[in-house]
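**Q** These protein sequences, in sequence, are chains U and S. If you read the first sequence in my numbering, its first letter stands for residue 161, the second for the next number, and so on. If you read the second sequence in my numbering, its first letter stands for residue 700, the second for the next number, and so on.
Wrong hints could be hidden among the right ones.
Chain S regions said to be covered by chain U (calculated; three or more residues, Cβ under 8 Å) [claimed, not checked]:
1. 734–743
2. 798–807
Partial list, computed: chain U residues near chain S (C-beta under 8 Å) [said to hold, decoys possible]:
3. Gly-203
4. Met-205
5. Phe-251
6. Gly-264
Calculated from the structure, these hints are not laboratory results. The model shown is predicted, which means the values in this text are computed figures rather than measured ones. The beta-carbon is built from N, C-alpha and C at its ideal position, and this holds for glycine as well.
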Amino acid sequence: AQKITQTQPGMFVQEKEAVTLDCTYDTSDQSYGLFWYKQPSSGEMIFLIYQGSYDEQNATEGRYSLNFQKARKSANLVISASQLGDSAMYFCAMREGAGGTSYGKLTFGQGTILTVHP
Amino acid sequence: DGGITQSPKYLFRKEGQNVTLSCEQNLNHDAMYWYRQDPGQGLRLIYYSQIVNDFQKGDIAEGYSVSREKKESFPLTVTSAQKNPTAFYLCASSIGAGLGTEAFFGQGTRLTVV
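With the rest of the complex left out, here is chain S (with noise of 0.2 Å):
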C-alpha cells in the first residue's frame, strides 16, 4: 500500500539535544512538506521541497533543518536551538506544488521534551 511513514509516533527529547524525524512516501511525489502542530492550534509550515535537493523555509523555520536527498525520503531535524519544540509534527506529501494538488499525510510524530 502507498502512503508516507513517519516515525517514531512518540519521541521524547531531552534540554539541549538534536533530534531527527523521519518521513518516507512511496507514493512517488515530488513535494513534501513539514509541519508543525500545537494543541488546539492550525499547522504551521516548517519547510517544504518541491523536489530532490531542494527545500524551501516555511513560516517558523528557525531551530529545523532538514534535507531532501531523495526523493521518498524528507527528514526533519529538530535543534537544541529550537526554544519549545514539544509539539505534533506531520508530514505531508503531493505529486507536485499544482493548484489542485491534495496532500496526503502521515500519522504524526508527538515530540515532548523532558
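Next comes chain U alone, as it looks inside the complex (with noise of 0.2 Å):
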C-alpha cells in the first residue's frame, strides 16, 4: 500500500525568502508518480508541481521547484522568494503505476500549512 507523509503540521517563512516543505513516501512500486497541491482558505486544491519516479532531473514550476531524493524515497518542494499569497496549506500525493497493487488511487498526505509573514 501507498503511504505519504509530510512531517511538518505548520511553517512560518519571512516575505522573499525560501521554505522547504518535506514529503517522504513508501511504496514498493518502481513506477510513480509525486504531486503537490496548494489549498488556500477558500478550500480549493491548485496543482503546483509534478515529478515522475524515473525523471532524472528535480521538475521545476516557476518559483516551484521539487528535491527529489528517490534513494531516500523524499519529494520535498521548494518554494522561492515566498509571498504573503504563498500562505496556504500544501499537499503532497502520490500516483502508483499499472503495476502497483493501488493503481488508479491518488493518495494525499496530512498536509502543512505554511504562512508567509511580512
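Given two chains presented individually in distinct reference frames, assemble the corresponding complex, making use of the accompanying hints.
**A** Take a look at the structure:
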C-alpha cells in the first residue's frame, strides 16, 4: 500500500525567503508519480508541480521546485522568494503505476500549513 | 468553461438521514474521486472510479456509497451508517489513472450534521 508522510504540521517563513516543505513516501512500486497541491483558505485545490519516478531532473515550475531524492523516498517542495499569497495548506500526493497494487488511487499526505510573514 | 461542479456548497443533515452530494464534470475525464477532509487535516480517499460502471473503495469507504452510471457524474451518498459525517467533501477528476495525470478538483461541499 502506498503512503505519504508530511511531518511538518506548520511552517513559517519571512516574505521573499525560500522555504522547504517535506514529503516522504512509501511504495514498493518502481513506477510512480508525485504531486504537490496548494489549498488556500477558500478550500480549492491548486495543482503546483509533478515529478515522475523515472525523471532524472528535478521538476521546476516558476518559483516551485521539487527536490526529488529517490533513494531516500523524499519529494520536498521548495518555494523560492515567498509571497504573502503563498500562505496556504500544501499537500503532497502520489500515484502508483499500472503494475502497482494501488493503481488508480491518488493518495494525499496530511498537509503542511505555510504562513508567510511580511 | 470546463470544470468540476459540486453541489450544494453547504449541506445540513439530521442524524439518521442519508444525503447525496453531487459531482459533475465536463472535462471528458475517465477517472473520478471522492475525498473527505476534516479541519486541519489531509485528504482521505473515500471512493474512486477509473471508468463508467466501475468503482473501488478507498481508505475510508465505510458508511458511504457511490455510483458511476455516466462518465460525467459521480454522486456520493453519505449514509446513516457513517458515524461522524461532518466534514468537507472534495470531488476530483483526472483524464485517466496514468502517472502524470493531475487531478482537477471541485469547490467542495461542507456537510454538517445537526
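**Q** Decide, hint by hint, whether the structure agrees.
**A** Hint check:
1. 734–743: It holds, with 6 qualifying residues against the three required.
2. 798–807: holds (count 9)
3. Gly-203: 5 Å, holds
4. Met-205: Result: holds, 4 Å to nearest chain S Cβ.
5. Phe-251: Because about 6 Å separates Phe-251 of chain U from the closest Cβ in chain S, which is inside the 8 Å limit, the hint holds.
6. Gly-264: OK, holds: Gly-264 of chain U within 8 Å of chain S, min 4 Å.
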